[in-house]
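These protein sequence lines are chains A and B, in that order. Using this note's numbering, you'd call the opening residue of the first sequence number 1 and step up by one each time. Using this note's numbering, you'd call the opening residue of the second sequence number 1 and step up by one each time.
Because the hints were derived from the structure by calculation, they are not lab data. Some hints here could point you the wrong way.
Pairs count within a copy or across copies, as identical chains cannot be separated in the list.
Taking lysine-lysine pairs in the DSS-like style, the calculated list, with each CA pair at most 25 Å apart, reads [said to hold, decoys possible]:
| hint | residue 1 | residue 2 |
| --- | --- | --- |
| 1 | Lys417 | Lys251 |
| 2 | Lys450 | Lys10 |
| 3 | Lys131 | Lys420 |
| 4 | Lys152 | Lys131 |
| 5 | Lys131 | Lys476 |
| 6 | Lys417 | Lys131 |
| 7 | Lys272 | Lys10 |
There are 2 protein chains.
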Amino acid sequence: MAKATAQPVKGTRDFLPLDVRRRNHVTGVIREVFEAHGFEPLETPAIERLDTLMGKYGDEGDQLLFKILRRGQPLVEGVREASAFIADESNLVEGRSGTTAPGAEPLLGDLGLRYDLTVPLARVVAGHQGKLPAVFKRYQIQPVWRADTPGKGRFREFYQCDMDVVGADSLVVEAEVTGAAAEAMRRLGFTDFAIRLNHRALLRALIEAAGIDASLETSAIVAIDKLDKVGRDGVARELEARGVSPGSRDKLLLLLGQDDDGDGTPTLQQIKQNLAEHPAGRAAIDELEQVMTLAVDTPAAAHLRFDVTLARGLGYYTGCIFEVQVADLAGSLGGGGRYDGLIGMFSGRDVPACGITLGLERILVVMAERGMYPDSLVPVDVVVAAASGEQLGGAMRLAGALRREGLRVDLRPRARKPGKLRQQADSDGLPAAVWLERDQPAGANLWLRKPEGGGDTIRDLEADAILQRLKTHLEKS
Amino acid sequence: MAKATAQPVKGTRDFLPLDVRRRNHVTGVIREVFEAHGFEPLETPAIERLDTLMGKYGDEGDQLLFKILRRGQPLVEGVREASAFIADESNLVEGRSGTTAPGAEPLLGDLGLRYDLTVPLARVVAGHQGKLPAVFKRYQIQPVWRADTPGKGRFREFYQCDMDVVGADSLVVEAEVTGAAAEAMRRLGFTDFAIRLNHRALLRALIEAAGIDASLETSAIVAIDKLDKVGRDGVARELEARGVSPGSRDKLLLLLGQDDDGDGTPTLQQIKQNLAEHPAGRAAIDELEQVMTLAVDTPAAAHLRFDVTLARGLGYYTGCIFEVQVADLAGSLGGGGRYDGLIGMFSGRDVPACGITLGLERILVVMAERGMYPDSLVPVDVVVAAASGEQLGGAMRLAGALRREGLRVDLRPRARKPGKLRQQADSDGLPAAVWLERDQPAGANLWLRKPEGGGDTIRDLEADAILQRLKTHLEKS
Numbered sequence: 001m002a003k004a005t006a007q008p009v010k011g012t013r014d015f016l017p018l019d020v021r022r023r024n025h026v027t028g029v030i031r032e033v034f035e036a037h038g039f040e041p042l043e044t045p046a047i048e049r050l051d052t053l054m055g056k057y058g059d060e061g062d063q064l065l066f067k068i069l070r071r072g073q074p075l076v077e078g079v080r081e082a083s084a085f086i087a088d089e090s091n092l093v094e095g096r097s098g099t100t101a102p103g104a105e106p107l108l109g110d111l112g113l114r115y116d117l118t119v120p121l122a123r124v125v126a127g128h129q130g131k132l133p134a135v136f137k138r139y140q141i142q143p144v145w146r147a148d149t150p151g152k153g154r155f156r157e158f159y160q161c162d163m164d165v166v167g168a169d170s171l172v173v174e175a176e177v178t179g180a181a182a183e184a185m186r187r188l189g190f191t192d193f194a195i196r197l198n199h200r201a202l203l204r205a206l207i208e209a210a211g212i213d214a215s216l217e218t219s220a221i222v223a224i225d226k227l228d229k230v231g232r233d234g235v236a237r238e239l240e241a242r243g244v245s246p247g248s249r250d251k252l253l254l255l256l257g258q259d260d261d262g263d264g265t266p267t268l269q270q271i272k273q274n275l276a277e278h279p280a281g282r283a284a285i286d287e288l289e290q291v292m293t294l295a296v297d298t299p300a301a302a303h304l305r306f307d308v309t310l311a312r313g314l315g316y317y318t319g320c321i322f323e324v325q326v327a328d329l330a331g332s333l334g335g336g337g338r339y340d341g342l343i344g345m346f347s348g349r350d351v352p353a354c355g356i357t358l359g360l361e362r363i364l365v366v367m368a369e370r371g372m373y374p375d376s377l378v379p380v381d382v383v384v385a386a387a388s389g390e391q392l393g394g395a396m397r398l399a400g401a402l403r404r405e406g407l408r409v410d411l412r413p414r415a416r417k418p419g420k421l422r423q424q425a426d427s428d429g430l431p432a433a434v435w436l437e438r439d440q441p442a443g444a445n446l447w448l449r450k451p452e453g454g455g456d457t458i459r460d461l462e463a464d465a466i467l468q469r470l471k472t473h474l475e476k477s
Numbered sequence: 001m002a003k004a005t006a007q008p009v010k011g012t013r014d015f016l017p018l019d020v021r022r023r024n025h026v027t028g029v030i031r032e033v034f035e036a037h038g039f040e041p042l043e044t045p046a047i048e049r050l051d052t053l054m055g056k057y058g059d060e061g062d063q064l065l066f067k068i069l070r071r072g073q074p075l076v077e078g079v080r081e082a083s084a085f086i087a088d089e090s091n092l093v094e095g096r097s098g099t100t101a102p103g104a105e106p107l108l109g110d111l112g113l114r115y116d117l118t119v120p121l122a123r124v125v126a127g128h129q130g131k132l133p134a135v136f137k138r139y140q141i142q143p144v145w146r147a148d149t150p151g152k153g154r155f156r157e158f159y160q161c162d163m164d165v166v167g168a169d170s171l172v173v174e175a176e177v178t179g180a181a182a183e184a185m186r187r188l189g190f191t192d193f194a195i196r197l198n199h200r201a202l203l204r205a206l207i208e209a210a211g212i213d214a215s216l217e218t219s220a221i222v223a224i225d226k227l228d229k230v231g232r233d234g235v236a237r238e239l240e241a242r243g244v245s246p247g248s249r250d251k252l253l254l255l256l257g258q259d260d261d262g263d264g265t266p267t268l269q270q271i272k273q274n275l276a277e278h279p280a281g282r283a284a285i286d287e288l289e290q291v292m293t294l295a296v297d298t299p300a301a302a303h304l305r306f307d308v309t310l311a312r313g314l315g316y317y318t319g320c321i322f323e324v325q326v327a328d329l330a331g332s333l334g335g336g337g338r339y340d341g342l343i344g345m346f347s348g349r350d351v352p353a354c355g356i357t358l359g360l361e362r363i364l365v366v367m368a369e370r371g372m373y374p375d376s377l378v379p380v381d382v383v384v385a386a387a388s389g390e391q392l393g394g395a396m397r398l399a400g401a402l403r404r405e406g407l408r409v410d411l412r413p414r415a416r417k418p419g420k421l422r423q424q425a426d427s428d429g430l431p432a433a434v435w436l437e438r439d440q441p442a443g444a445n446l447w448l449r450k451p452e453g454g455g456d457t458i459r460d461l462e463a464d465a466i467l468q469r470l471k472t473h474l475e476k477s
């Protein structure tokens, strides 16, 4: 069979052992920190009903859902219905990739793959009422799927790490989730990150103060969100293109500190003066100040930075918003905020919620580029081998004895030349290797890695001596 | 929206926090044991190409694949092709659930969901040659999907835990994988399990010795596999129905120790005498004896039990086969064997392989029924709360101080009455609770669970005193 078919599907990845160890290291740290903050794990199925998913992520999101085929008899009906649907030319849409018929898809299947972790959370909150605490602090680390065109750093299957508090409107939540995110970043080895902080109601107040009509509010927020990417002039053009008058446009840019000869992004104090007469804006500022006061003793304190230009693209935020950033990566390593209208969508009641998501794939990219993975991710403590087939039984007994003492032992099931064994152990970064040779009835040979590279061999040791020397060696290294 | 739509898709499950903690406990133990045996983690995408999956699991398997719809323009073409396909009545199949057209599915999509972990392993071995060691010891713990009719204990999404050695034909592998499986079972708390052991070549030799034609070999193995379910008479009927003559049938049952007045399943010594003149049978017996000798020092030694009636249903086994069983569950908690023909399917070369899979869902069922989950799966060390909103900031500072000392702290973001807090902590099985009340400027109150149930409250403690008492309490409990 051709080799090409042995590659994973485009946009998906095989994670070989070193990849998995690195990914598990990062998710392990995140999990530990989230749990230390009292967040509890939730896992939901990869497969959701299409009507649970559709209409939650906008038109583009609906297009990016992976849809699953019905089986058997309903499929025959579905094909007939879809065929009739497609025969009606008014259902066809001309697009970049040719003629499409989006409405035909639900006729062929009623299931889809999980697109994010927020909609499943909302479904769980509605579906398990009474079984969950009134204030539900949950985290969820699972893959999601998007039928996107695969590209550099854009995958069809990737992980999200979400933590959210559902059912509490206290600002303590904002301080807790940013604190937990900061602690996870710190434990992963990041020191130089910033957590930008803003408030949707503050942005809305500024948009109103600039004289922009409420109907253009969302457009204005989307435009501001692009500041990092397109710069001040780009935002100005975008605002105008979306129908904001030149006067309002300039006033908004001035309020955001993006005027031609501005002194840069304004402080919260400066904004406060500008919004002295705006009650909703003052209330938002008051919330931001409370969050920063509450956060003083959290790991986020040194990293939180008010930034009035932070907008976040998604429509559903209602209060504080935040984004985790490092200097050497465009875009963010995570973000979130308060979204009080979303979680109640399946239960038909308002449920306050606030959370943050860490972007696992991006964090991994930055850690790889900076060489931030710990050396201690070696798979085992020692590799044990036999120089010839006759010693395999002896090697196995020795491996068993070492494992009973708690060591992680890779027993090689095929005979291996001692030189090759040491060489491989060396290049794999293993702390030690042990091998049995012919004519060594009582003993085996031990190779111990030296801190400066290479290693020392001690010959003819009995099992007890090997164990003792290994333990001492592992404690030191 | 109706509550029903908030339930997960039939055959899939939401795992609430306690479920996840229990599942993570079990997979964590399995992972640790597999890694202590030098097996390395592999993860593959949920989505595979349909042509990677189709034809690997038999006709029934092909039917149970979840297939994913093409998007956009190809879908329009696909619907037209599928419609033409269905219009041809010779492509329609009358089945239990009505008219089906299995061949239409690939016209509508070319992707499917992972059905097991073995085919992806075979694909990875072919696709990453040179990047993997010549002897690849891998484990993989991931969900798989089957479009089966959901039922009691039968899920559409469930986990498999596989460990396999690819590239080595040494019997050390059989001893290692059964040893690792036994150690995982032992650490989970199982003491009374058996690992039944047999050899496919031995079964084939017995079938031949019974005078059954080689063309009926697979049928005979499938019939023997049903012994647990349908009993001796059922197997006899099945053998006859599949074309085995009464004479051969009786001889086979005699060789398997299933004759009318037999003394039960024969020992390996008895089989050896019966197959004295059969070289292939003797070779298989020799391998079984070697495996048992090699296993003497492994955790499997006390559990391995030769059982000539073990057949395992799957066609691909070529050598030793094994199955993990406990008395109180029909069916097995895991199983595997040597399958030297399967892994090379994508690379077009023969690759020896042997492995075992542990059935996570069944292990969880037995552990739940027997109450085998450890108590230590409590989510946090202490819950911290404020009796009224004004103390929330103080509670947050205290939570931060305790977390900096390494404690896992659940800070409740809403004010909570002390009585309710203690009650909840008690019913959740938490070791301790702390709360701040009005008019306690310097201190807080600490509730410590008593081993016999209930707890003691100590009032007005400063942060340092709370930390010290908590630490002492956690060490004791």
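Alpha-carbon proximity context of Lys450 and Lys10, limit 25 Å: neither (42 Å within a copy, 56 Å between copies)
Homo-oligomer pair classification [Lys420, Lys131; C-alpha up to 25 Å]: This pair counts as between: shortest inter-copy Cα distance 17 Å, intra-copy 57 Å.
Status of Lys131 relative to Lys152 across identical chains (alpha carbons, at most 25 Å): between (42 Å within a copy, 22 Å between copies)
Within, between, both or neither, where Lys417 and Lys251 count as close if Cα-Cα is 25 Å or less: Neither. Shortest intra-copy (76 Å) and inter-copy (49 Å) distances fail the 25 Å Cα cut-off.
25 Å Cα threshold - placement of Lys476 relative to Lys131: neither (49 Å within a copy, 31 Å between copies)
Lys272 and Lys10: within-copy, between-copy, both or neither at 25 Å Cα: Neither. Shortest intra-copy (50 Å) and inter-copy (53 Å) distances fail the 25 Å Cα cut-off.
Alpha-carbon proximity context of Lys417 and Lys131, limit 25 Å: between (59 Å within a copy, 21 Å between copies)
Consistency with the previously given hints fails for numbers 1, 2, 5 and 7, ordered from lowest to highest.
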